[in-house]
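Those sequence lines, one after another, are chains A and B. Taking this note's numbering, the leading residue of the first sequence gets 1, the next gets one more, and so forth. Taking this note's numbering, the leading residue of the second sequence gets 1, the next gets one more, and so forth.
Hints are computed from structural coordinates only; laboratory data are not their basis. Values in this document were obtained by computation on a predicted structure and should not be read as measured data. Check before you lean on any hint, since a few could be wrong.
[Stated by the list, open to error] Below, a list of computed lysine to any residue pairs in the SDA-like style, where the Cα atoms sit at most 25 Å apart:
hint, chain 1, residue 1, chain 2, residue 2
1, B, K369, A, E231
2, B, K377, A, R221
3, B, K346, A, F37
4, B, K346, A, L312
5, B, K451, B, E202
6, B, K398, A, P250
7, A, K291, B, N197
8, B, K377, A, S236
9, B, K353, A, R221
10, B, K156, B, K369
[Said to hold, decoys possible] Where chain A lies over chain B, by a calculated footprint (3+ residues, C-beta under 8 Å):
hint, stretch
11, 181–190
12, 308–319
13, 355–365
14, 414–420
We put the CB at the ideal spot given by N, CA and C, even for glycine.
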Amino acid sequence: MKKISGILMILALVLVACSKDEPTGTVDPVDSSKNSFDRGEMLANWADNIIVPAFKNFKSSTQQLESKTSAFVQDPSEASLEVLRVAFRTAYIDFQTVSMFEIGKADQLNYRNYLNTYPANAANIDQKIASGSYNLELPSSFSEQGFPALDYLINGLGSTNAEILAFYTSDQNSANYLSYLEDVSKRMNSLTKEVNDSWQGDFRDTFVGNTSSSSTGSVDRFTNDYVMYFEKILRSGKIGYPAGAFTGEPSPQNTEAYYSNNFSKILYSKAVESVQDFYNGKHFNSNQTGKSYKQYLDYLDSMKDGANLSVLIDAQFNAIKEQAASLDASLKSQVETNNTRMLEAFDELQKEVILLKVDMMQALSISVDYVDSDGD
Amino acid sequence: MDQLGKYLNKTTDAAPLAVFRIFFGIMMFASILRFWLNGWIEKLYIAPKFFFSYYGFEWVKPLGDFTYLLFILCGLSALMVAIGYKYRIAIILFFLSFTYIELMDKTTYLNHYYFISIVGFLMIFLPASSYFSFDARNNPAKAFSKIPRWCIDSLKLLLGIVYFYAGLAKLNSDWLFRAMPLKIWLPSKYDLPLLGNLMQQEWMHFAFSWSGMLYDLLIPFFLLWKRTRIFAFVLVVVFHILTRVLFPIGMFPYIMIVSALIFFSAPVHHKILQFISRLFKIEKIKFDTGGVFRFSESRKKIITGVVGAFFLIQLLFPWRYLLYPNELFWTEEGFRFSWRVMLMEKAGYAQFKVVDPDTGRRFYVDNSKFLTPFQEKQMSFQPDFIIEYAHFLGEHFKDEGYGNIEVYVDSYVALNGRKSQQYINPDVNLLNFANSFRHKTFILPFNDEIKGL
Chain A
1 MKKISGILMI
11 LALVLVACSK
21 DEPTGTVDPV
31 DSSKNSFDRG
41 EMLANWADNI
51 IVPAFKNFKS
61 STQQLESKTS
71 AFVQDPSEAS
81 LEVLRVAFRT
91 AYIDFQTVSM
101 FEIGKADQLN
111 YRNYLNTYPA
121 NAANIDQKIA
131 SGSYNLELPS
141 SFSEQGFPAL
151 DYLINGLGST
161 NAEILAFYTS
171 DQNSANYLSY
181 LEDVSKRMNS
191 LTKEVNDSWQ
201 GDFRDTFVGN
211 TSSSSTGSVD
221 RFTNDYVMYF
231 EKILRSGKIG
241 YPAGAFTGEP
251 SPQNTEAYYS
261 NNFSKILYSK
271 AVESVQDFYN
281 GKHFNSNQTG
291 KSYKQYLDYL
301 DSMKDGANLS
311 VLIDAQFNAI
321 KEQAASLDAS
331 LKSQVETNNT
341 RMLEAFDELQ
351 KEVILLKVDM
361 MQALSISVDY
371 VDSDGD
Chain B
1 MDQLGKYLNK
11 TTDAAPLAVF
21 RIFFGIMMFA
31 SILRFWLNGW
41 IEKLYIAPKF
51 FFSYYGFEWV
61 KPLGDFTYLL
71 FILCGLSALM
81 VAIGYKYRIA
91 IILFFLSFTY
101 IELMDKTTYL
111 NHYYFISIVG
121 FLMIFLPASS
131 YFSFDARNNP
141 AKAFSKIPRW
151 CIDSLKLLLG
161 IVYFYAGLAK
171 LNSDWLFRAM
181 PLKIWLPSKY
191 DLPLLGNLMQ
201 QEWMHFAFSW
211 SGMLYDLLIP
221 FFLLWKRTRI
231 FAFVLVVVFH
241 ILTRVLFPIG
251 MFPYIMIVSA
261 LIFFSAPVHH
271 KILQFISRLF
281 KIEKIKFDTG
291 GVFRFSESRK
301 KIITGVVGAF
311 FLIQLLFPWR
321 YLLYPNELFW
331 TEEGFRFSWR
341 VMLMEKAGYA
351 QFKVVDPDTG
361 RRFYVDNSKF
371 LTPFQEKQMS
381 FQPDFIIEYA
391 HFLGEHFKDE
401 GYGNIEVYVD
411 SYVALNGRKS
421 QQYINPDVNL
431 LNFANSFRHK
441 TFILPFNDEI
451 KGL
């Protein structure tokens, strides 16, 4: 006893002498000797090989989107509309690779809310176009801009191309329609530029350097965001709300890309794939992998008995994808024709939420809430 | 009986109790102030829409903006206790206001808070303002420099119970042979200077678990025994500062450190009081009247009866879990108020489902509409929270015009690094169960076994 407590005492004295109460913002990354996992390296992999390239890629997509929108505004025709639609689809798919990174600048800007709050409020959009006065910077206008608004404006104004084009050519408010469309596109691009610039600039180093283990450390903050994204944005947003999981009434109008043809499942699948790739540390647009949650769990698992969590989580991602194969290309019609499939998708996603939010976060010793209250 | 009578008549120096009173009051005042400055009054007691009540205390709720007044009352009474001004009223007010605060929402339950409540209760019956207090200065008839010995011994006993029972609770297979939950918690402290890498070592997790257990079991005896007292006190300081560095446990370590001073003999306390006297230019000698405080015979009977019953409850209450079947850590039936400190890493997820059997309509509940993230987290792995919340949901949706609804929960809980498993029977309508102290049959059995106390 005396010996043990003696050791403990010496350790503690050393520790007390060395530790300060101030938050440790930038501690040197733990050295990567055989028995430790380098969180700094993981953060660097996340930033350099996944987040930064994904935003860079998405930035060029929104740039394209803006220029194709401008081309359409210069010359509204069926041809330019089709070109715009292609750019829209590409950008919307690419957005699924960055939407989960709501941290830093994106978080400050409310980036995801401005880019993808759905369903779009078509009535408000119509009314604002008619009046010609609007301010897209207001948080109250989330549902009047971004991808869902674009979707409405290029796919949902009428049932045929001619009907849609008429709003931009012969309608009494056609000039307003054109400028609203262009403003929405421009705003998406400029917001994306801001976020991309911050990652190209200082924020990358801030993010990677903040290896602190406290709740303000990058790993803790980001993991909370990542799991929240999967639960609320992916599970509830893409599947739960359209399926009426929280109301008991299926609501097809809540599907993502409601006005596009057979597009919602592509977006859903891309989002699932992106979350899985991130989990596995897979580099953006490459088959190489680096350090991420999977490797971290493997490292921690090696010290623990019990289930092999890292494998279970990856397997559940695969189960989600497998279930998705049975879904209609249009989640809207899936809701309308056989909502049970949608609820099955929800159940598969739900299993992953439990694995991520309960098991993974426990294994990583990251607390789920931001409340900094005392513990026992 | 004769010996007990003799013991109760023994007297001792009043200084240790005075020092305890001063430090306890100051610590409590600082805790309340810190709580306020951290914005926790707003965050924990004003902002939430729903509060989890202790069974039988459903009438204790936050008072809206008046909650701040409650904290002011609590803080002021703590200060009055510290200086010994109108002590009896002050300590009663402190006990009531502090306990009321703790009862408002069990989400924030901590063993530390319970400890403070019961120390406050015990101190109501102790003549802690007989010496070195405003009361003693203002009314020399109430000034005494000797008090019954049991008054100081009772505080030692209470501290001893806290430590020893905390040690007993660690005598289980998870703590001793799996080094859980420290094996989860310590590696996450990878960024501690020097210790970061050591925290990754498995032998360290075991060393911490075993030395923690031995510390808790043995420290009361080392503190009691004069020859080991100084060494033990150094251990107390080291142990609690270490826990402060490793874990977010607020003021508690400091409270325990100053509380442990009670074990020292009177001369040490006189030195402390002399130091305070010099600091505030107090004539300490005025208090050294040599007077002996004695309870009147009728009072003595009542007070020793109350204090005796109090300790009997303290000794027995932590064992109530034996009356329940199944694994204590899993069901948490009889877990609280038993000095089971830092024993579990437990997390859960609870998805509630509302079903209208008449229409077949069913939907999930978005917990964030009703609970703060902190409340949701605490609710998700504690059955008494789950049942209370289920009834709240039932009422809520009935008020919204749903008829004869049923409430189910799909919940998963992970305990000490085991894979999560289903927690509550998903096929039972929780509205069919009232909250009570009886065993909750809707908890699914734990798939593993934890041996020990």
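Those earlier numbered hints the structure runs against, lowest number first: Violated hints (numbers, rising): 9, 10 and 12; every other hint is consistent with the structure.
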